[in-house]
Amino acid sequence: MIEQHLAVLPIILPLIAAPIILILGRSLLAWGFATFVSAWACVLSWQLLAAVRADGVVSYAVGGWAPPWGIELRVDAANALVLLVVSALSTLVLLYSKDSIEKEIKPSRHFLYYTAHLLCLAGLSGILLTGDAFNLFVFLEISSLATYTLVSLSSDRRCLTAVFRYLVMGTIGATFILIGVGMLYMKTGTLNMLDLASRIDIYESSRTINTGLAFIMVGVSIKLALFPLHMWLPPAYTHAPSAVTAFLASTATKVAVYVMIRFIFTVFGVAHVFDEMRMGLILLVLAIVAIFKCSYMAAVQSNVKTVLAYSSVAQIGYIVLGLSLVSVTGLKASLIHIFNHALMKGALFMAVGAVFYRVGSVDIKAFRGLGRQMPLTMAAFTIAGLSIIGVPLTVGFVSKWYLVTAALEQNHWVLAALVLAGSLLAVVYIGRILEAAYFQPLHESHDPEKVKDVPWLMLAPMWALVLANIYFGIDTSFPTEAANSAAEWLFQNAEVVVSKPEVSQ
Amino acid sequence: MNLWQGLAPSTLVSLSILVPFVGALLVVAGGKWPNLREAVTLITAAILFSIVLAITSYTFQGVELRLDVVELFPGLGISFDVEPLGVLFALVASFLWMVTSIYAIGYMRGHNERNQTRFYCCFALAISSVMAICFSGNLLTLFIFYEVLTLSTYPLVTHAGNEAAKRGGRIYLGILLSTSIVFLLFAVLGTYSLAGTLDFRAGGIFDSSHSKIALSVLLVLFCYGIGKAAIMPFHRWLPAAMVAPTPVSALLHAVAVVKAGVFSVLKVVIYIFGLDKLKDLATTDIMLYVGTATILLSSCIAMTKDNLKARLAYSTISQLSYIVVGALLASPIASAGAALHIATHAVGKITLFFCAGAIMVASHKKNISDMVGLGRRMPITMVAFAIGAISIIGLPPMAGTWSKWYLTVGALQADKLLIVAALMISSLLNIAYLLPIPIKAFFNASAGESKPWTWADTKEAPLPMLIALSITSVGCLVLFFHPQPLIDLINLIPGVSTSVEISSNLKGES
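In order, the protein sequences belong to chains A and B.
Numbering follows our numbering, in which position 157 of the first sequence is assigned residue number 157; successive positions increment by one, without gaps.
For our numbering, add 1000 to where a residue sits in the second sequence, where the first one is 1.
Computed spacing ranges between beta-carbons, pair by pair:
1. Leu-424(A) to Pro-1034(B): 36 to 42 Å
2. Arg-53(A) to Ala-1293(B): 57 to 63 Å
3. Leu-1036(B) to Arg-165(A): 55 to 61 Å
Don't read these hints as lab results, they were simulated from the structure.
Built from N, CA and C at the ideal position, the CB exists for glycine as well.
If we strip away everything but chain B, and leave its shape as in the complex, we get (with noise of 0.2 Å):
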């Protein structure tokens, strides 16, 4: 698996984050030539992936790469310190660039959209950064790119740059911005005066001198600061950055934007506070029921929405709350679980997106009332979509199975029931918001249509767009028969595993 053998490991981790900058200006360089400014995005993307899987295979043999880059103030500045966690995410968002990529290409041509290369080139340079948050191998690098996401990714939000984009960007700017300077910036700082280092360490960097009521406070600050996280009050920014189009909802909602801010919750309680000291700050239960109201909160107005993008957007608001109570839950299983769902999640969501773009594309119909019957135009999409929608709800053969599996046994493991019982209902919501429309599609014929099917009835989206949705929805599939290389990843998380240990308490002993 690995292409890059006469490297040292460490240039892989400045590569991987040099490779996507460098095509982002190879991009705006190729502008004028449409053909060969999307042969250099694919190429960046495979090239990118290869490294990533590179950095896999050095991971699972136990190799260090750690890099320090500059100093920017005295003991403390840019670095990068890989562990399995990152590696994760960056398999998913390198993957899923590829095939975003390849839908993009379909989305832009078919849609005849402006500024094609400006697109692309934000693109390039979100994914770059969203490499340097995976590999951050302390705070202030992870707030830096953090940051660097944000602005990158505004102009994609804007795209269509009318009034409707810049009234979605500037809630979109603004929520995030704000809640990483007043909160996060403020974590950041608090961290380091208490901590006196903001390296992320196995086990944490606290010690028992540190007093419990600031490190509940800071956990407060961490959890709204990271406002990718989009915790409940501050996730209006989701729906607001649906005026984007919608490959940038797919990366948004699935790989980059979204999935950055739970990779940094998981980061911070994995490595700065560690799970153990997690349990015993006062806060930690209220910031997990407050998760658990943003799932079901969430899901309820999902149901209320009938423009389908905004319909995914408050659904992925409730997946992104799952995770952060997983990591929450403070114990192995729960962070393995939450884990895990940054994977299977990616991969329902980005079909959902893409199914959302392909239906847009060829019928040009935003509202789910709109569907009716729709299975007889685009077959394909909406059998994809019924495949995006059953791994969102978690049901085998999904990949979302496992995922809530490990998270329902970690709350039950926890004793937190009310938890577990919200996981449950929030399956029924998802089955109640994602199932009917695929279901009507396919078995309410549209009013006037009653003769027999052929496939010339058909009016499916462009060819690359089908191929995106395609490889991600065989890819839920996939993700259910062989989730084992994800889960071995995991397991070589410091203090994260997937093995069950019996209670005592369920075994009916003292």
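Chain A on its own, in the form it takes in the complex (with noise of 0.2 Å):
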């Protein structure tokens, strides 16, 4: 019977427990219901992964009604890759933040946490498993709001203003991609993705059409953080508190990156978007600039989580770029890096995280002497710092070797070595931090004695994803298969016509 709803009980699941997280209110016990429903929706998402692998598509009517008129979810080899992420991220991050948030976050709002984590990735495996594009928007709507409330549990006073940039700027985006979806249902009398995908294709070119097409690519842009619409990010990720960036930052931008592929090559067609619209050509330039502006700036923050914020941003530029080459190896790319960046970016807002919690500050001076003070999580955030520059043997060089051999398919030899140029700041912007742990010592106003590695509870999941990065890097197989036959699946299936319906009503 489980097999029947696979589908529809990764969302479910979280959806429910998140409520009697609120009635269990303890602090422990919701901690380890938490953790237990999202180790249960991380072994769904494998599972779903298999069948994807085994059949090609998934399809789930909600409630037995039959689409179009019903809400469909429909998994294919795209986001089943994604899910598997988002739900093996989140369970290591809930069992990382039952030590992490004692230190950020106040008692008596322990549940609120685990309850607004929930929701989010209930919301967050909504938007990846829904093929309805109003229904995409509701479980948008639910995972930002999750996300907003995330980050202003903090109790640093500074998250309010974050929280309140993000929730202006990411209403805005939701908005967009609600008036979008709003001027496609207009036009063609349907919000199920595939059927829109036949309707819209009946137009050849509808201003109409068009309009929903730049509203949804904005709102997503914001969503996912593309330069110049990144400016929600850094300040949310530097003062929300450390288990909810380590989550946000491997999850939440990767599944508005999701939803733009999934816009593109489902609905819209390739050939629409990028041959009649252009939109490579602006993707393209956007990611670069977001490449080089966001890595400088992250070489110039003295607060280590605004660093790697910027990094993130970046790094969102590289999976946007490999985007907007158009091919399959491009797509590969930037499916590959969703998967990787998410380990290394997780791992290193751990290592963070845990500094937090021993020294009550990421500023760079905090990290002084920690090479010797805190050599765990030091050398986790050395290895995973390596991956992002790009050191053969992590997972950093695979997405880097992808995206420059796409580039070169293409014979765009100067993107090549601007990407690779790109990667000469992450060293500066790391290397900042590395010198700072191993080459200068303690700080006077830190007691030695209590500056020593953190809790086994925190480490385990820090290091689980640190020899991912250095497992992935070497054994490629596995995330390379599943983004080759997602890649190469968007665009077989990026111009289908499903039988088209009568258009009268």
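With the hints as a guide, dock the two chains, each given alone in a separate frame, to form the complex.
So, in structure tokens, the structure goes:
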């Protein structure tokens, strides 16, 4: 019976568990239950991936109502992979957060954290699995509201301004998506994605459809923090609790990238978006500027979380760059980087959270001498940092390789050189932090006895991600095959026309 | 010579990389017991040398040693393939690791250095990656372990942990990582997209269908991307790395890092481009003259340095460009000279650095101007220095004679008289900045010393250091009289040969 409903369980389980946690109230029980649910969702997403590999597409009609009138959940190679990333990261972060939030969130609010986290997980899973455009908006709003709550839980008062800015920009983004979907509905009369695809196909060029496309693209770009719409991200990531940042940095923006991919490939079609509307060039230029400007900004920050936040925007630039190349290799590079970046940034933010746990600050000065005091944490930071730079034998190298190969395939030699040059800035911003940790003595105000490595419950998820960084950097078969089948599937079905329903109403 | 008869030949390749790696782990495990830890290092080095000797004998027998480890990308992965040039480098590296370990024991204890466990561990890791570079079967494997070498030697360069070490480390890592990411990785990916493969093949992997312009650009990218070859203007990391303890400088400047650089250049020239193709490319001559300029400029800079290690660093930059020039001359005999220079320069330069370290530990002197009359107090060291200097200059009866000989003949054969002149001028400059040191040490008395000399006056370096520098200086002599094993090895390299064909030009015929 579970197999029948496999597609909807990753959404429903966290959705039901969230209010139960509100009732459970007490911190330890809330944590245990939340982690259990998240782990279960992770197992289910793994099974979904296996099912997709076997059958190609898994389609599920919610409540038994058949599409296109009912809401359809449609799982294919692309979203199964991203769902696995999201649920695995969620479980690891929940394990990590038991100790981490003790120092960053008031104890009376811990249960709110777990509730909001599960709601966010439910929302993100919903975005990934749904095959209905309006349903996507609904889940987008659920996850966004949950993330605003999560960011605001920090005991640091500065989080409130950050949250407010995030809220305003995020709502504008979501509203734009809604307007875009509304315009599509106005013209085609349907909200199901496949149905939309076949009906949009009928119109050669329509101002309504194109405006809808534009609104959706801008709205999604805000959500995925594409330069120059990224201004909400650095303050939000800096002032949120570390566990929240670790989760969001790995998942929220990647899900938005997935939304963009889904709308481009499945709903509108590659020809429409890239050939007629010239989105490829726009995305390419914005991606390059994002990479360089944000890597530079990362290199001059003094708060390590802000460094990593700007680094995230730069990495999103790499992902969008792969997308803008409009080739199977380019899309494959983007999908691989979605997977790899989650591993890298998750580990980095967890390490920073561990530093905050012991030292109480995440300024670069706070990292001084930690190479000696907190060796395991800094070793994790070093390896994940090397991965961001793109050193061989880590996942970061694999991503860079595919991205540059995709660029060279289309004879974009200058573009390939630019991608590699961007790594140099990563050497600078990671190197500054490592130099502080390994070359400077511990600050006098800190007690060497107290500054030691963090509890194992925080170290274990951190090191699980770090070891995954190295493992998937050497045995690349799993993410590469998954990304390959996803990219090929998306391109093959980019122009799919499902049987045209009667246009009469 | 082969103690490892029972094992399959390919296993020897993986052993050569794993043995130093395991040794590094054991060093960390035995960190609390210094004598045990040092014993681990020495035993590991001896085992590695015997493995390399076994691989050498297999190479002479013509046995193929291939090993595919793991596929990173579709159709492309980490794989190893033993060929004679790699065996030459491996012999040099493994032998000199043994000697350097003996030296390091004397130095680290004589200087009372901290963090000795980290030192020996990173040493072993660096040697492990050098072995992987020696036996790499494709450009991807070479690149991966080239980067691992950079990272594993960084803690060695910044060993002292002070501000100067940090600054030196920053320049070191900055230049090496930047050149390898922006130029070398770009060149590797460009090669892959043009040729469809990254395997090292005799005669090169490009054919006539590939555009000459693209290949010319790739050549420049490779030359500058391999920053460890210290071609100007990307040479600054070498003098910056002088902040490292002297055993590290000996390792960097004779054995591991710099030789990995020029070895990579030779491998790319012989097995990726192919010597014949190289002649057709427009940028070969450009890079040839850049290399020649490096030879001369760095020799001139060396003359201005009073700090001994700095002078030796610039001397190394100059000598490395000998190998690069030899490679780019694109002739069998010039390449033979370049390959032989890997061995002869290694032995000569390591002797000089060993002496510099001995002088520092025994008499605390770093500047050449302070070393006047030092021969009274440190006769063995200064004799060894003289031997090493003569080898670097290229005069008989020291090893450097042969490699300089082949390089000059190669330049003559290619009708590049400018380069012949540069090699000769460079020898004169070498004499000017190297020979005065032992001469002033022996023949000028320092102020206030006029009584006759006795052995009791000496205050030499600790015994392990003396043993090490004696071994290497004797090596310089031995290699002059018995270069044949190395030359036989070099003649096995496809497309490379030490036999001189009389050019019709020289005979006066058309």
